[in-house]
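A.B. asks: Read off the chains here:
Protein chains: 2
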Amino acid sequence: MIRRLAVVGLGLLGGSVAMAVRARALAKEIVAVGRRMAPLAAALDSGVIDHATTDLAEGLREADFILLATPVATLESLLPAVWRLAAPDAVLTDVGSTKQRLVRTMERLALGRPLAFVGGHPMAGSEQSGWAAGREDLFQGVTVILTPTGVTPEWVSGRVRDFWESLGARVVAMPPDVHDRVVAAVSHLPHLVAYALVAAVAGLEGSPLAYAARGFKDATRIAASDARVWREIFLTNREALSETLDAFRSTLAELERLLSAGDALEAELNRIRGIREGLP
Amino acid sequence: MIRRLAVVGLGLLGGSVAMAVRARALAKEIVAVGRRMAPLAAALDSGVIDHATTDLAEGLREADFILLATPVATLESLLPAVWRLAAPDAVLTDVGSTKQRLVRTMERLALGRPLAFVGGHPMAGSEQSGWAAGREDLFQGVTVILTPTGVTPEWVSGRVRDFWESLGARVVAMPPDVHDRVVAAVSHLPHLVAYALVAAVAGLEGSPLAYAARGFKDATRIAASDARVWREIFLTNREALSETLDAFRSTLAELERLLSAGDALEAELNRIRGIREGLP
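Protein chains in written order, with the working numbering: chain B, 249 to 528; chain D, 249 to 528.
The set of hints was computed from the structure by calculation and includes no laboratory data.
Computed from a prediction, not measured in an experiment: that's the story for all the values here.
Glycine included, every Cβ here is placed at the ideal spot set by N, Cα and C.
Honestly, I wouldn't trust all of these hints.
[Said to hold, decoys possible] Chain D stretches covered by chain B per the calculated footprint, using a threshold of three residues with CB under 8 Å from any CB of chain B:
#1 360–371
#2 434–440
#3 463–477
#4 481–495
For reference, chain B alone in the conformation it holds in the complex:
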């Protein structure tokens, strides 16, 4: 049981966590910290949170579980203040989409003031964002990746693992750099490709976009994602993203070469189809 849960950033993820925690009565008290008060009013009215504040010090005071749920770049700039203001017994985690830089910053801060923390990333994205898009069951069946390192105490990973599992998530652990390569491949690459698909087709003469049907729309749904959030994700994971982009480009070139070899093309498309159908 959490005494006081502090959620910093009450958007899609932070908001859904607050909803899920309240629905399951996993915390006595929930406080949300936002940049402005107005967007927090709906959360207060709904009874999902007990307190709302724009003052980080007030929000973190006496919180024994702190969830940092702002977009990645904001999160990084918040960390020094969080480290100064968190209660000494607080357990701290985050939902940042890239982990290596963030965890490195947290470990550097922990050299000055030891705090119990582990990086986390619930793989529950959506092209929607904000409190209004939140759902109490958002984490049901979702994979949450924790990124402990050699200096993370086991009990901290355990506490945060229990937290996410109690919201219905499946929790796995991997080092921050491995996490960043994984999400570069299954999340950041497809997003960049979807943005490129929309922009490329929009730029062709004859307005072909007017004829986009379900296939195009599904393939590019994620290109409707929040630009500020994705700018930060792309920028903080540029290196891993570039590697996966290279792999993607080679594969695409290989497929294009097969366009002059009918039988080999069909065999390869069949192989790929099998992989796609085998996804969990």
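Fit chain D to the given chain B structure using the hints.
C.D. replies: Just chain D now, with coordinates in the frame of chain B:
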């Protein structure tokens, strides 16, 4: 009112046409032509079709409306026999995903024996295929592109337009080569890209595919499409596809360049997001 509708190829599209025509009582008689009898049995049993045959001559005899609904390459090889066997008063159309080569072949055949025909393409794809995936309402709200040329009599386009509109579709007309560039952009390119995404990520070390979430799955749903069908589509539209691939590659490279320019990247992602959200 159609006297006798012949559907050659009772897969997803042909089957759905038969279902829609029967449900709306638009034809007195529906006959299906297939390669093998077994898959036609279900259609006969359901009462959607009145006759089933593997003999093209028998299937086309006395049909006044002929819909060719086999995959593209099969379709091309069928055309000479269709031209020989169709009744002189038949109106002929098809659902082939690429049109330039097909229409050229039909016009060559029409020099020998004049027949009333116009190319068509209902933009109602699915990663599923076959009669079992068919739906009576598949064409509701769907765009059907007709590809008349300078030698197509207006009454033929009119008949075929009426046919599709009576199944709930929105019909537009454009020349075959324009059609092929349009579908290369909004359909063939995204399919090839989806296949490449799956293959590229599957080839990376560390099995990142195990962490694929909704974003990746939506973006690659079309990579589960039928390999034989898509091999034919890619091969018959190679030229237009290559042009759109070049445009896609340039756009992707441009986006990658913006990864070193935060503000310009966000502005561009925002612009693209707006385009994606503006899709009909």
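A.B. asks: Look at each hint and say if it fits the structure.
C.D. replies: Evaluation of the provided hints:
1. Taking a C-beta to C-beta cut-off of 8 Å, the region 360–371 of chain D contributes 1 residues in contact with chain B, too few for the three needed, and the coverage statement is violated.
2. Chain B is given as covering the region 434–440 of chain D, and this holds because 6 residues of the stretch bring a CB closer than 8 Å to a CB of that chain, at least three being needed.
3. Closer than 8 Å: that is the beta-carbon criterion, and the region 463–477 of chain D has 14 residues meeting it against chain B, so the requirement of 3 holds.
4. Taking a C-beta to C-beta cut-off of 8 Å, the region 481–495 of chain D contributes 8 residues in contact with chain B, enough for the three needed, and the coverage statement holds.
Hint compliance for this structure: hint 1 alone is broken.
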